[in-house]
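*Asks:* With full-length UniProt numbering, the residue at position 45 of the sequence shown is 45, and numbering never jumps.
Among these hints, one or two may not hold up.
[To be verified] Quick list of in silico lysine to any residue cross-link-like pairs, SDA-like style, CA-CA up to 20 Å:
#, residue 1, residue 2
1, K4, T19
2, K62, E46
3, K50, L33
4, K61, D47
5, K62, T43
6, K92, Q42
7, K62, R83
8, K62, L82
9, K65, D38
10, K50, Y103
11, K62, I104
12, K65, I89
13, K92, N105
14, K37, N22
15, K65, D88
16, K71, E49
17, K61, E39
18, K65, D47
19, K92, D76
20, K50, C35
21, K37, V21
22, K92, Y52
23, K92, I56
24, K65, R87
25, K37, Y66
26, K71, D47
27, K61, Q86
28, K37, S67
29, K4, K20
30, K62, N105
31, K92, I78
32, K65, Y103
33, K20, L3
34, K37, K71
35, K62, E39
36, K71, T43
37, K50, I101
38, K50, E100
39, K61, V84
40, K65, Y93
Keep in mind the hints are simulated off the structure, nothing from the lab.
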Amino acid sequence: ITLKPHHKAYVKDGQLAVTKVNDFTPYRWKEGLICFKDEPFQTIMEDFEKYYGIRIIINNKKVLKYSYNGKFRQADGIDYALRVLQRDIHFKYERANDEEIIYIN
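Throw the hints in and build the complete structure from the sequences for me.
*Replies:* Below, the structure written as structure tokens:
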């Protein structure tokens with residue numbers, strides 16, 4: 001298989017298939033961007049755990065009903081991203097003493 005620009009390959013039913021890429025959002029990580037399009041809060045926190053190498057514990061279950069659209073530069077850090085989310089989703093957060101765990105309250 002030869003891929004053309006703006007196409008991707010994937011396995012479907014044991015066969016290699018090719019399709020055109022219409023949404024480049026999932027690939028923006030190569031540019032240092034974390035992008036979300038109607039993503040649940042839980043999924044965003046899971047992505048933050050992966051990108052920032054930390055653990056996030058959600059104690060405030062009310063935030064789980066929210067979804068979010070947006071982009072963050074990974075270099076701006078987790079605190080910046082959480083502060084931006086706080087503008088739309090009301091929650092507080094705190095870091096554990098070792099700084100490797102964040103609690104969403």
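*Asks:* If a hint holds in the structure, say so; if it does not, say that too.
*Replies:* Quick rundown of the hints versus the structure:
For the hint pairing K4 with T19, the CA-to-CA distance comes to about 10 Å; that is within 20 Å, so the pair holds. The straight-line distance between the Cα atoms of K62 and E46 is roughly 17 Å, inside the 20 Å bound, and the hint therefore holds. Distance check on the hinted pair: K50 and L33 sit about 13 Å apart at the alpha-carbon level, within 20 Å; holds. Between K61 and D47, the direct Cα distance comes to roughly 18 Å. Compliance with the 20 Å bound is thereby established for this hinted pair.
Straight-line distance between C-alpha atoms of K62 and T43 comes to about 15 Å, which keeps the hinted pair within the 20 Å bound. Between K92 and Q42 the CA atoms are separated by roughly 15 Å; this keeps the pair inside 20 Å, and the hint holds. For the proposed pair K62 and R83, the alpha carbon gap of about 17 Å is at most 20 Å, so the pair holds. The straight-line distance between the Cα atoms of K62 and L82 is roughly 16 Å, inside the 20 Å bound, and the hint therefore holds.
Restraint check: the Cα-Cα separation between K65 and D38 comes to about 12 Å, which is no more than 20 Å; the hinted pair holds. Of the pairs offered as hints, the one joining K50 and Y103 holds, with about 16 Å between alpha carbons and a cut-off of 20 Å not exceeded. Restraint check for K62 and I104: satisfied, since their Cα atoms lie roughly 10 Å apart, inside the 20 Å limit. With a CA separation close to 10 Å, the supplied pair K65 and I89 stays within the 20 Å bound.
Straight-line distance between C-alpha atoms of K92 and N105 comes to about 5 Å, which keeps the hinted pair within the 20 Å bound. Among the hinted pairs, K37 with N22 is consistent with the structure: their alpha-carbon atoms are about 14 Å apart, no more than 20 Å. Using a Cα cut-off of 20 Å, the hinted pair K65 and D88 holds, with the two alpha carbons roughly 13 Å apart. Pair hint K71 plus E49 holds up; C-alpha atoms about 16 Å apart against a cutoff of 20 Å.
Proximity of K61 to E39 is assessed by CA-CA distance (about 16 Å); at most 20 Å being required, the pair is judged to hold. Annotation: proposed proximity of K65 to D47 holds, straight-line Cα distance about 17 Å (limit 20 Å). The straight-line distance between the Cα atoms of K92 and D76 is roughly 19 Å, inside the 20 Å bound, and the hint therefore holds. Among the hinted pairs, K50 with C35 is consistent with the structure: their alpha-carbon atoms are about 13 Å apart, no more than 20 Å.
Among the hinted pairs, K37 with V21 is consistent with the structure: their alpha-carbon atoms are about 16 Å apart, no more than 20 Å. For the hint linking K92 to Y52, the alpha-carbon distance of about 19 Å falls within 20 Å, and the restraint holds. Distance check on the hinted pair: K92 and I56 sit about 12 Å apart at the alpha-carbon level, within 20 Å; holds. A threshold of 20 Å between alpha carbons decides the hint, and for K65 with R87 the separation of about 16 Å falls inside it, so the pair holds.
A hinted pair counts as satisfied when its Cα atoms are at most 20 Å apart, and K37 with Y66 qualifies at roughly 12 Å. With a CA separation close to 12 Å, the supplied pair K71 and D47 stays within the 20 Å bound. Pair hint K61 plus Q86 holds up; C-alpha atoms about 15 Å apart against a cutoff of 20 Å. Of the supplied pair hints, the one linking K37 and S67 holds, its CA atoms being roughly 8 Å apart against a limit of 20 Å.
For the given pair, K4 sits about 9 Å from K20 by alpha-carbon distance, which is consistent with the 20 Å threshold. Proximity of K62 to N105 is assessed by CA-CA distance (about 10 Å); at most 20 Å being required, the pair is judged to hold. This hinted pair checks out: K92 and I78 have alpha carbons roughly 14 Å apart, not beyond 20 Å. Of the supplied pair hints, the one linking K65 and Y103 holds, its CA atoms being roughly 17 Å apart against a limit of 20 Å.
Distance hint between K20 and L3 is fulfilled; the C-alpha atoms sit about 10 Å from each other, no more than 20 Å. Under the criterion of a C-alpha separation no larger than 20 Å, the hint pairing K37 with K71 is consistent with the structure, at around 9 Å. Distance check on the hinted pair: K62 and E39 sit about 15 Å apart at the alpha-carbon level, within 20 Å; holds. Our distance criterion of 20 Å between C-alpha atoms is met by K71 and T43, whose separation comes to about 14 Å.
With a CA separation close to 13 Å, the supplied pair K50 and I101 stays within the 20 Å bound. The hinted pair formed by K50 and E100 meets the criterion: a straight-line CA distance of about 12 Å does not exceed 20 Å. Simply put, K61 and V84 have alpha-carbon atoms about 19 Å apart, close enough for the 20 Å limit, and the pair holds. Between K65 and Y93, the direct Cα distance comes to roughly 17 Å. Compliance with the 20 Å bound is thereby established for this hinted pair.
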